[in-house]
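Top to bottom, those sequences are chains A, B and C.
Quick note: the first sequence uses our numbering, first residue 1, plus one each step.
Quick note: the second sequence uses our numbering, first residue 1, plus one each step.
Quick note: the third sequence uses our numbering, first residue 1, plus one each step.
Calculated from the structure, these hints are not laboratory results.
Treat the hints with care, since some could be wrong.
Said to hold, decoys possible - Keeping only pairs whose Cα atoms sit at most 20 angstroms apart, straight-line, the calculated PhoX-like set for lysine-lysine is:
hint	chain 1	residue 1	chain 2	residue 2
1	A	LYS77	B	LYS80
2	A	LYS46	B	LYS258
3	B	LYS80	B	LYS70
4	A	LYS46	B	LYS118
5	C	LYS52	A	LYS23
6	C	LYS52	C	LYS158
7	B	LYS100	C	LYS302
8	C	LYS93	C	LYS174
9	A	LYS23	C	LYS178
10	C	LYS52	C	LYS302
11	C	LYS174	C	LYS44
12	B	LYS81	A	LYS77
13	B	LYS57	B	LYS332
14	B	LYS81	B	LYS100
15	C	LYS52	C	LYS205
16	B	LYS120	B	LYS217
17	B	LYS120	A	LYS46
18	C	LYS302	A	LYS77
19	C	LYS174	A	LYS23
20	B	LYS100	A	LYS77
21	B	LYS120	A	LYS3
22	B	LYS221	A	LYS3
23	A	LYS77	B	LYS118
Below, each chain spelled out in residue letters.
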Amino acid sequence: MDKSTIVCRCEEINIDEIETAIKNGAETFDDIKRLTRCGMGPCQSKTCFYPVNEIIAEYTGMPLNEVSLPRLRMPLKMVRMSTLAQDSEGSNVVSVFGESVEDGES
Amino acid sequence: METDILVIGGGPAGMSAAITADRAGARVILVDESFSLGGQLRQQTQHFAPLPGSEEKVRGTALGNDLIKKLEASKVKILKKHIMIGSYRNENIGVTDGEKTFAIQSQKNIIAPGAAEKAKIFPGWTIPGVMTAGAAQILINRERVLPGKNAVMLGSNDYSLEVARQLKACGVTIKAIVEDKEQMISSDMELLHDMKNVPVYLNSTIESATGKEELNKVVVKTPAGLYEMEADLICIANGFDPIIEPFEIMGCNLAYHKELGGWLPEYNVYFQTSNPSCYIAGNAAGITTIGPVLLTGEIAAIGALEELGFMEQEEAEAQRKELWKELAEIEKRENEKTFRARSELIEGFHQKIGMAFPEEFNMVNGGAHNG
Amino acid sequence: MWYRYLVNQWKMVNHKMDNLFDVIVVGSGVIGSSVAYHLSESKKHEVLLIDKGFPLSGTSGSTQAWVWVHSKTPSWYGELSMLSAELYPFLEKKIGDVEYKRTGGIAPFFNEAERESALRLAEKQAEVGIEIEVLNREEVLEKEPSLSPEIAGATFSKIDGNVNPFRLVELYVKAARKNGVHCSFYNPVNDIEKSGDIFQVKTQKGSFRSKKIVLAGGPWSKELGKMLGMDMPVKQVRGQILVTEPLQPFLKYTIGGIRQADNGEVLIGYSKEEVGYDRRSTLDVMQQTARMAIDFIPALSKANIVRCFSGIRVMPEDGFPILDEVPGMEGAYVIAMHSGITLSPLIGTLMTELLTEGETSINLSRFSLERFNGIQSR
Ligand SMILES: Cc1cc2nc3c(=O)[nH]c(=O)nc-3n(C[C@H](O)[C@H](O)[C@H](O)COP(=O)(O)OP(=O)(O)OC[C@H]3O[C@@H](n4cnc5c(N)ncnc54)[C@H](O)[C@@H]3O)c2cc1C
Ligand SMILES: Cc1cc2nc3c(=O)[nH]c(=O)nc-3n(C[C@H](O)[C@H](O)[C@H](O)COP(=O)(O)OP(=O)(O)OC[C@H]3O[C@@H](n4cnc5c(N)ncnc54)[C@H](O)[C@@H]3O)c2cc1C
Ligand code: FES
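Here chain A stands alone, though its shape is the one from the complex (with noise of 0.2 angstroms):
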């Protein structure tokens, strides 16, 4: 297939850059996610999983059933932060200045 064609239509990443990330050493959905961004769009890979996986087991030469899971992330649909922060117990906010001040955090 040509390696132009869209493999994760929300980031618009092709078949030749997730190659690319196998040919680097990737060897799992996540792991190409960090090198490609190919996952993190609105829908949270949920489109792009089974071809991203498909495209790895064919390059690695591993079972489908060995390609890693991408980490299922929160929320489970998009969701407003303000509809987010009600109903939140009481608010933690620190200002980071007062918290580096005790301990250098950052």
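Given the coordinates of chain A, work out where chains B and C with the ligands should sit on it, guided by the hints.
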């Protein structure tokens, strides 16, 4: 908010679980993200058979309405337009209604989010006019919008042909059915008959889909060469995969079973996952047909009811035995491989956690292996 | 076919000179990768970089990635951070574009009482050359109009900024490889032994030998330390970060707990929980973080959250970096720290000096293991 049993998903599986749980006297909350219940049944205008306890054919939408009626007559608290978005540190499920986000404290959860359509990539699959068969079906049956005039179906499973038939009934021309396997996947005589005038390209793939703003040209690669055709709609029917995100969030172990749709949670004969507070039902527990979908909902509910003391052990066992028998019968008849894969998944999980097989399952399971 | 390519690459590592390396670096996070890269610059040493996963599978792949200086205290720690931040522009010239941006940093405070400490901080940091302005509400809002009018003021410094952690680690590794560093990924180290002067590093894919080893295991530092019979004085502290959909660029500066990335996504987070190595997110913290985001920047209330991720900080028990030779085990070094993104250019440089010259341009006594009590050596 607090309840005995929380059901996520108001498709046929979730509704059937909720109705069963309510009947036994448990307090039930049912959460669904849509503004109406029914799940994927809402656009299934075709007829389904066999259903549990009946050989009569029922229209998908009618079946859904029937369940909704039962549900609305029950004490189940229904939360429509509520989405499960995650879980809290104490494992309570968190839902949002778009205004606020809150926890629902429950003793047991039955999670039935259904399945998603698998993507299929080819050059041009992201341009407008290319969509899943399910999306096309939603457009014609729910939104009453025609997605195109000239369609190419990619995939030849039952579902692809069913959608092709429905599109045809709306006046859409089916230009081609493209299948990368050696033969048609569907063996449904009725559907095949309906498609008899449509060109079928076997061992073929879509070489490219192009168009300025919208799709207008499709090139199909066949063993005999490239075929170019004008089309403004491609429907991808590449099968379904179980929705696993809610289970992963709840810390349930997953396993890969190709015949069940890919990755899905492991579960035992009670449809309980590796997280004892989470049960599973419907297509999320393996892609299957509507009869088994309904039955898995009931079996899951009975497991939860028994553990919570709403049902005596003896009664639960008796009911479960009947339901499993029916599930085995229907699923073996409709898709033997699915049932075998389901049995393997369950057996594997029981072995892994060192849990004994109840007798009723030995029977159906043995049956699967012997024939 | 690429599989074969990988296997060949692997054979190359395996067949190298009876497996004897000058240095084996365990851990290819930002710290291990930086050490491997800086060591490779002279092209004089045979270096092997091992990771049980792929670079970025640890903490360096789930971080806020500020290159943050001005509020780090005591001032020697602030100075250290500043020295490292100042290396970034040079680093970029050598390894490529890591999207380092010295945006300037704003650390808001919410009440007048804190102004006193802010002024004290500015005074202290000035002694080591970190310039800090203490701003009042109007001045802050003029700089960053999206901030909440509820804040009382802020400290500001030009030295702070941020970097793309994915590019950073990727390019460290790429440059190191180009300089001849051997890499072995998806390969956990299971045990380390020393016989005579030579270390035996036992991995899933075979045994390697080296004259020196550097353990940069991030949150797994304790486990790696055990292989050398020592108890690393570090804790695991989880942090959860919310990520919004891409928004029009509207934040100019790096702000306490919040920054806007190049692609428009805003990253928000400031939680700390000691829950072991558990990288799950929880709605409890996500909700608090959302609350905090709105308190800082009210306009964010309309933004959509696309995802959330968690990282496990490796936090030395007193909060300050560890970089030392293991007592009683010559040639074995451990490095562990929080704020490794900020510090990696400097740490890589210092470690290289230590390994190749035996002395460093900055005195390392503050980073010693000795400062913790009860460390046992074999
Ligand atoms: C597009 C499509 C077309 C289909 N066509 C056919 C067909 O032609 N023939 C056939 O036999 N079968 C078909 N099926 C399968 C059939 O519809 C299913 O067997 C049946 O609907 C599955 O029932 P279910 O309850 O498991 O899932 P669903 O019916 O999918 O119901 C799941 C419900 O869960 C809700 N939900 C999911 N996630 C969340 C969440 N996080 N929070 C709140 N609610 C949530 C959804 O809104 C949905 O209402 C189709 C399935 C799909 C997806
Ligand atoms: C939420 C959060 C926000 C942060 N924000 C900032 C910030 O804004 N600025 C900043 O400077 N810092 C920040 N930090 C801290 C910074 O990310 C870390 O200090 C840094 O990433 C640590 O890098 P590392 O290389 O030590 O660890 P890691 O990146 O975890 O690397 C360790 C590597 O060792 C490997 N390993 C472990 N055990 C073995 C074994 N047995 N065999 C082989 N390989 C092994 C692992 O696979 C891993 O790749 C933040 C951290 C968190 C969690
Ligand atoms: S298609 Fe890859 S993230 Fe959506």
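Here is what the structure says about each hint:
1. Only pairs whose Cα atoms come within 20 angstroms are accepted, and A/LYS77 paired with B/LYS80 is accepted, the gap being roughly 15 angstroms.
2. Taken as a hint, the A/LYS46 and B/LYS258 pair is honoured in the structure, with Cα atoms around 17 angstroms apart against an allowance of 20 angstroms.
3. Between the alpha carbons of B/LYS80 and B/LYS70 the distance comes to roughly 16 angstroms, so the proposed pair stays at or under 20 angstroms and holds.
4. Note on A/LYS46 and B/LYS118: the hinted pairing holds, with a Cα-Cα distance of about 9 angstroms set against a maximum of 20 angstroms.
5. Straight-line distance between C-alpha atoms of C/LYS52 and A/LYS23 comes to about 18 angstroms, which keeps the hinted pair within the 20 angstroms bound.
6. Taken as a hint, the C/LYS52 and C/LYS158 pair is broken in the structure, with Cα atoms around 38 angstroms apart against an allowance of 20 angstroms.
7. The suggested pairing of B/LYS100 with C/LYS302 holds, with an alpha-carbon distance near 13 angstroms, which does not exceed 20 angstroms.
8. Restraint check for C/LYS93 and C/LYS174: satisfied, since their Cα atoms lie roughly 14 angstroms apart, inside the 20 angstroms limit.
9. Restraint check for A/LYS23 and C/LYS178: satisfied, since their Cα atoms lie roughly 15 angstroms apart, inside the 20 angstroms limit.
10. Distance check on the hinted pair: C/LYS52 and C/LYS302 sit about 41 angstroms apart at the alpha-carbon level, beyond 20 angstroms; violated.
11. Restraint check for C/LYS174 and C/LYS44: satisfied, since their Cα atoms lie roughly 18 angstroms apart, inside the 20 angstroms limit.
12. In summary, the hint linking B/LYS81 to A/LYS77 is supported, as the alpha carbons are separated by about 12 angstroms, within the 20 angstroms threshold.
13. Simply put, B/LYS57 and B/LYS332 have alpha-carbon atoms about 18 angstroms apart, close enough for the 20 angstroms limit, and the pair holds.
14. Between B/LYS81 and B/LYS100 the CA atoms are separated by roughly 12 angstroms; this keeps the pair inside 20 angstroms, and the hint holds.
15. Distance check on the hinted pair: C/LYS52 and C/LYS205 sit about 10 angstroms apart at the alpha-carbon level, within 20 angstroms; holds.
16. A C-alpha spacing of about 18 angstroms is found between B/LYS120 and B/LYS217, which places the hinted pair at or below 20 angstroms, so the restraint holds.
17. Straight-line distance between C-alpha atoms of B/LYS120 and A/LYS46 comes to about 13 angstroms, which keeps the hinted pair within the 20 angstroms bound.
18. The hinted pair formed by C/LYS302 and A/LYS77 meets the criterion: a straight-line CA distance of about 16 angstroms does not exceed 20 angstroms.
19. With a CA separation close to 12 angstroms, the supplied pair C/LYS174 and A/LYS23 stays within the 20 angstroms bound.
20. With a C-alpha separation of about 14 angstroms, the suggested pairing of B/LYS100 with A/LYS77 holds against the 20 angstroms cut-off.
21. Proximity of B/LYS120 to A/LYS3 is assessed by CA-CA distance (about 15 angstroms); at most 20 angstroms being required, the pair is judged to hold.
22. A C-alpha spacing of about 17 angstroms is found between B/LYS221 and A/LYS3, which places the hinted pair at or below 20 angstroms, so the restraint holds.
23. For the proposed pair A/LYS77 and B/LYS118, the alpha carbon gap of about 18 angstroms is at most 20 angstroms, so the pair holds.
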